[in-house]
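Whenever a hint applies, use it, and build me the whole structure from the sequences.
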Amino acid sequence: MTIALGKAAQGAASDRPPLRLVLAQRGLDGVTLLALPSVLFILALFVYPFLYGLVLSFEPKTGDWLNNYRHFFAEPFLYKTIWTTLQLAVPATLVNILLSVPVAMRVRLMRHQRLLTTILVLPITLGTVLIAEGLLNYLGPQGWLNRVIMTFGLSSSPLRLVHNYWGVFLSLIISGFPFTFLLTLSYITGIDPSLEQAAATLGANARARFRHIFLPLIAQGLAIAFCLSFVQTFAVFPSAVLLGAPAGPTRVITIAAYQAAFEQYDYSLASAIAMIMGAVQFVIVVAVLAARGLVYRGPAGSAKG
Amino acid sequence: MSAMKRDEPLSARLWTTAIWALVIFFVVNLMAMIATVVVNSLGTRWLGTWLPAGFTTKWYFAAWSEFQLDDVLIVTFQVVGAVVLLSALLGVPAAYALARRDFPGKKLVTLLFLLPLLVPSITFGIPLATVLYQAGLAGSMSGVILANLVPAVPFVILVMIPFVEQVDQRIEAAARVFGAGTLRMFVHVLLPLLAPGVLAALLLVLVRTIAMFELTFFTAGPTSQTLVVALYYAVYAAGVRAGQSIDAMAVVYMVTTLVWLLIALRFVNPTQIVTRAKREHTS
Chain A
3 MTIALGKAAQ GAASDRPPLR LVLAQRGLDG VTLLALPSVL FILALFVYPF LYGLVLSFEP
63 KTGDWLNNYR HFFAEPFLYK TIWTTLQLAV PATLVNILLS VPVAMRVRLM RHQRLLTTIL
123 VLPITLGTVL IAEGLLNYLG PQGWLNRVIM TFGLSSSPLR LVHNYWGVFL SLIISGFPFT
183 FLLTLSYITG IDPSLEQAAA TLGANARARF RHIFLPLIAQ GLAIAFCLSF VQTFAVFPSA
243 VLLGAPAGPT RVITIAAYQA AFEQYDYSLA SAIAMIMGAV QFVIVVAVLA ARGLVYRGPA
303 GSAKG
Chain B
42 MSAMKRDEPL SARLWTTAIW ALVIFFVVNL MAMIATVVVN SLGTRWLGTW LPAGFTTKWY
102 FAAWSEFQLD DVLIVTFQVV GAVVLLSALL GVPAAYALAR RDFPGKKLVT LLFLLPLLVP
162 SITFGIPLAT VLYQAGLAGS MSGVILANLV PAVPFVILVM IPFVEQVDQR IEAAARVFGA
222 GTLRMFVHVL LPLLAPGVLA ALLLVLVRTI AMFELTFFTA GPTSQTLVVA LYYAVYAAGV
282 RAGQSIDAMA VVYMVTTLVW LLIALRFVNP TQIVTRAKRE HTS
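Line by line, the protein sequences are chains A and B. Numbers 3 to 307, taken from the working numbering, label the letters of the first sequence in order. Numbers 42 to 324, taken from the working numbering, label the letters of the second sequence in order.
Just so you know, the hints here were simulated from the structure itself, not pulled from any lab data. Here the structure is a predicted model, which is why all the values come from computation and not from measurement. Quick reminder that beta carbons are idealized off the backbone N, C-alpha and C, glycines included. Hints may contain errors.
If you only want the chain B side, here are some residues facing chain A, beta carbon under 7 angstroms, derived [claimed, not checked]:
{"#": "1", "residue": "A53"}
{"#": "2", "residue": "L55"}
{"#": "3", "residue": "A73"}
{"#": "4", "residue": "A135"}
{"#": "5", "residue": "A138"}
{"#": "6", "residue": "L139"}
{"#": "7", "residue": "D143"}
{"#": "8", "residue": "P161"}
{"#": "9", "residue": "T164"}
{"#": "10", "residue": "L169"}
{"#": "11", "residue": "Y274"}
{"#": "12", "residue": "V276"}
Structural data, given as structure tokens:
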């Protein structure tokens, strides 16, 4: 009470409330300032490098300001990497999403999901370098997979699965499927189960329940899951080098950027490639999110989000 | 649910079986891939048979001296320790501010913290490494730590926000009424209540930093390589060294990562490793 009176008196005396109070009313006070160090850190080490890279990409070693970009799109060795990367990333992401949805629909009914989710989190935790080394052994001509295939007589000679497209593709499935699956599972378990029960009571079979209840509700989640896992697979690097054929069929865009930066020390060109990489990812993400709008408009109602 | 299951037609049961077959196929291949690495690291000679001719532990000693694993492990723990500590110091206060205050531009700040998690590390890693090289920081431990903090700080913030929101504001108000200053309230009231969340966030950062390849790879010099980068170089130059000793190193890496993963999983749900940041994004 006394505080309020004091403040009122203060306000009357100076006609205007002090700046501190005005700011506090808008949510800016000492507590808000606690976020400042992190904001400054991200501005300095994420936003600034990005802008710096963007400017640097327009300052090529030779030629005018657009020379890096012109060079990239004139040189098949460089511009083809976009196509090579898309050929890996789009099918791998699609396979991961298409496998994740039915599996997540089933696993959501399980009471003990924890064991399965723990096993699936393994490849994410171990990381792409270890997966590459493991698959080199496992998929190799002497590996267990080829042994099993030949024992069952499915093929007379070992399948070539490493140092080519398929090695990288399989590594993207091994590391990408758990990621997409866990994302999809969190979306599907976030849907209110009473919606499905209501549909079942009204006589909808499993297919109709999926088509008319789940699909509209998870469309937004699936679009975001697609974007997140596409962006990750588009940035494939260690497995493309170790498991693929980095000189030819799996020369992905990250390899081109890496070679420009750390083998030719042309940071300007490397920044340009990184910007192109970011732009391609951005275009695909925007396209997917726009397509989602065509499929379903409305609230993606799920309590958990 | 049981009523729904009983009148399942044959096609539904086939469908279920197919899904389980798919899951089992995936898990079996995953386990076999990991087992291959372990078996190879323990084998003497393994050519054209199901299992190696004999078993030995000598590759571990070979790998330990060949790859100077004690140095690499020390660097790894120093980097990871620094990243965990600094990301907590930067991230937890920021999470508190974002959870408690509504201020103009909050959406923008949230987006700022989401971007480093959504953009793949390789895309921002190249410009970041360029800036760090220009500043003379890359190639040293501090460069590696700074680079690794870029995704770690936002991760801590986004994991911590819901934990802070769970703490009832009235508890803080009560502490104030009883005369606790900001520091005392933080140490005696907030920190104990937030401890589970902080622990979970930091363990997840720890696991992610051990496995963070790209950013470390771009910024590390010869004396600041972490385990995962050393493993990459070993696999890259596979012809030079015995495959078994590379696999021995891979097993050392796996054990280092998995120990922390097991500890982390006592406190968090596996889906959180992937989805916590996501959930923040959509809600």
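Evaluated hints:
1. A53: holds (6 angstroms)
2. L55: Constraint on L55 of chain B not satisfied, violated at 12 angstroms.
3. A73: holds (5 angstroms)
4. A135: holds (4 angstroms)
5. A138: holds (4 angstroms)
6. L139: At about 6 angstroms, which falls below the 7 angstroms cut-off, the nearest Cβ of chain A leaves the hint on L139 of chain B intact, so it holds.
7. D143: Status holds, d = 5 angstroms.
8. P161: holds (3 angstroms)
9. T164: At about 5 angstroms, which falls below the 7 angstroms cut-off, the nearest Cβ of chain A leaves the hint on T164 of chain B intact, so it holds.
10. L169: Since chain A brings a Cβ to about 4 angstroms from L169 of chain B, closer than 7 angstroms, the hint holds.
11. Y274: violated (10 angstroms)
12. V276: holds (5 angstroms)
Going through the hint list in order, the structure does not satisfy hints 2, 11.
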